[in-house]
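*Asks:* Now for the letters of each chain:
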Amino acid sequence: MSVAELKERHVAASDTVNSLRERLKQKRASLLDTDVAGYARSQGKTPLTFGPTDLVCCRTLQGHTGKVYSLDWTSEKNRIVSASQDGRLIVWNALTSQKTHAIKLPCAWVMTCAFSPTGQSVACGGLDSACSIFNLNSLCDKDGNLPVSRTLNGHKGYVSSCQYVPDEDAHLITGSGDHTCVLWDITTGLRTSVFGGEFQSGRHTADVLSVSINQSNSRLFVSGSCDTTARLWDTRVASRAVRTFHGHEGDVNVVKFFPDGNRFGTGSDDGTCRLFDIRTGHQLQVYHQPHSDNDVPPVKTIAFSISGRLLFAGYTNGDCYVWDTLLAKVVLNLGSLQTSHEAQISCLGLSADGSALCTGSWDTNLKIWAFGGHRKII
Amino acid sequence: MDKQVEEANPSSSPARAREDGGGGGGGMALPVCFEDKARVGQFPTFIGKHKLAASISHLQNQIDIIQKELDELETIGESSIVCIDLIASVESTSDPLLPWTKGPGEVGWDRWFRGANNSRNHSRWI
Numbered sequence: 001m002s003v004a005e006l007k008e009r010h011v012a013a014s015d016t017v018n019s020l021r022e023r024l025k026q027k028r029a030s031l032l033d034t035d036v037a038g039y040a041r042s043q044g045k046t047p048l049t050f051g052p053t054d055l056v057c058c059r060t061l062q063g064h065t066g067k068v069y070s071l072d073w074t075s076e077k078n079r080i081v082s083a084s085q086d087g088r089l090i091v092w093n094a095l096t097s098q099k100t101h102a103i104k105l106p107c108a109w110v111m112t113c114a115f116s117p118t119g120q121s122v123a124c125g126g127l128d129s130a131c132s133i134f135n136l137n138s139l140c141d142k143d144g145n146l147p148v149s150r151t152l153n154g155h156k157g158y159v160s161s162c163q164y165v166p167d168e169d170a171h172l173i174t175g176s177g178d179h180t181c182v183l184w185d186i187t188t189g190l191r192t193s194v195f196g197g198e199f200q201s202g203r204h205t206a207d208v209l210s211v212s213i214n215q216s217n218s219r220l221f222v223s224g225s226c227d228t229t230a231r232l233w234d235t236r237v238a239s240r241a242v243r244t245f246h247g248h249e250g251d252v253n254v255v256k257f258f259p260d261g262n263r264f265g266t267g268s269d270d271g272t273c274r275l276f277d278i279r280t281g282h283q284l285q286v287y288h289q290p291h292s293d294n295d296v297p298p299v300k301t302i303a304f305s306i307s308g309r310l311l312f313a314g315y316t317n318g319d320c321y322v323w324d325t326l327l328a329k330v331v332l333n334l335g336s337l338q339t340s341h342e343a344q345i346s347c348l349g350l351s352a353d354g355s356a357l358c359t360g361s362w363d364t365n366l367k368i369w370a371f372g373g374h375r376k377i378i
Numbered sequence: 001m002d003k004q005v006e007e008a009n010p011s012s013s014p015a016r017a018r019e020d021g022g023g024g025g026g027g028m029a030l031p032v033c034f035e036d037k038a039r040v041g042q043f044p045t046f047i048g049k050h051k052l053a054a055s056i057s058h059l060q061n062q063i064d065i066i067q068k069e070l071d072e073l074e075t076i077g078e079s080s081i082v083c084i085d086l087i088a089s090v091e092s093t094s095d096p097l098l099p100w101t102k103g104p105g106e107v108g109w110d111r112w113f114r115g116a117n118n119s120r121n122h123s124r125w126i
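So the sequences go chain by chain: A and B. Residue numbers are given in full-length UniProt numbering: position 150 of the first sequence equals residue 150, and the series is strictly consecutive. Residue numbers are given in full-length UniProt numbering: position 66 of the second sequence equals residue 66, and the series is strictly consecutive.
In case anyone wonders, no lab produced these hints; they're calculated from the structure. Warning: the hint list may mix true and false statements.
What the hints assert, rightly or not - On the chain B side, residues computed to face chain A include the following (Cβ under 7 angstroms): (1) K49; (2) L52; (3) L59; (4) S79; (5) V82; (6) P96; (7) P99; (8) V107; (9) W112.
Built from N, CA and C at the ideal position, the CB exists for glycine as well.
The task is simple: from the sequences and hints, build the whole structure.
*Replies:* Structure follows, in structure tokens:
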């Protein structure tokens, strides 16, 4: 076949892709007969209201000397690991505010951290393009530093996000600036699978910024990317994404599975959070409210409460909206409370039993928030 | 990531591929070798054909994927059906951060307000 013929075929194929994409977009739109808020209103769902002293800051964890970039709770109740611009991980007992470990990192440019399911190890990654594992029970070296127990090398770009596979300390998933996600075997240090590799279909076409593993079915995880999409992956099928979720108009900075495992939330540079259904692919809800001065600050971090009724979202302007996910209304702005952080909230996480929210901020602190008001019995 | 980090470690900065122009900025050097001439399309080559064929194959994969999804959409329900399921899931789970509870709630939920600071004077916590 001549080059001219190939070029013609290429143009025809591109046109087909574009027209199919348009048909898909229209077909999806026709199936969206309601969003969650519209349906919840039609069912007369009671709006949620918080009094001024309901969600209270009950701890401030001080110790980092640089911006906090990432945090993660243990699967049991009270410990948190945080990562900071100061080049350290700190492990906290959030109940007593004590630091149990302060780990100096081999590469100071850390972006993400995670606690292992048993709580015996922590992982972190960043601009060194590697993921470092630390066993918290190891003996410190002669300089008083906890040694790295394993380094996971293989990414060709920064590691933006990492999470352990539930129920096992042996596997971890990372997201990277090299456009891929990887499932690692920590015991061997080798890549078990690469998601979105060079010759695979349905791959991200830009940096992956976030990953989230389904806690009910740990074979499924979602990734969010600078290519404005989120993708659902099955770890048994690395060759292509299960589904691609379109809708955002900017980088998808964060993805987080909804507690029931059938939905996930996203936060983006376009200033919105969205809720998607993994089984149908439907975009169920857009969470958007103008901020002051008609600002549209990017969403950098999100977390769901244990039932999913609350969505916490941290924005670059310092706001931390608490959304009623069913009625799509902002019920509180943690960022505006007097007790709140003095700079942008960069990371959020709920304790395993859902009783506390931890926020990490560029002001170098972490804060613990809990419900201190009266609970009505219904 | 703040600018200081990117400047200090430019070799692996979080470059946003979407923002990259993709092409050369200033004047391009004149092609001097076979591959360079192929690259600027001065004459067709095996290398150019190979890349075109690979690109067509990739587009065909995308067509298959999108077509499958279109076929799947013929059988899935509207979003309202999913909303019913979502609301049921939310309402069936006890949530310590909500101002209501179905039962007495778990004792551990309020541990953040107990212990040495066994007071509900919240200003002390900050």
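*Asks:* Next, verify each hint and record whether it holds.
*Replies:* Cross-check of the supplied hints:
About 6 angstroms separates the beta-carbon of B/K49 from the nearest beta-carbon of chain A, less than 7 angstroms, and the hint is met. Hint status for B/L52: holds, given a least beta-carbon distance of 4 angstroms to chain A, under 7 angstroms. Satisfaction of the interface hint for B/L59 is found here, the shortest Cβ-Cβ separation to chain A being roughly 4 angstroms, below the 7 angstroms cut-off. Checking B/S79 against chain A: minimum C-beta separation of about 5 angstroms stays under 7 angstroms; hint holds.
Taking 7 angstroms as the C-beta cut-off, the interface hint given for B/V82 holds, the closest approach to chain A being about 5 angstroms. With its C-beta approaching chain A no nearer than about 4 angstroms, B/P96 sits inside the 7 angstroms limit, and its interface hint holds. Restraint check, B/P99 versus chain A: the minimum CB separation of about 6 angstroms is within 7 angstroms; hint holds. Restraint check, B/V107 versus chain A: the minimum CB separation of about 11 angstroms is more than 7 angstroms; hint violated.
Taking 7 angstroms as the C-beta contact cut-off toward chain A, the hint placing B/W112 at the interface holds, the least distance being around 4 angstroms.
Checked against the numbered hints above, the structure violates only hint 8.
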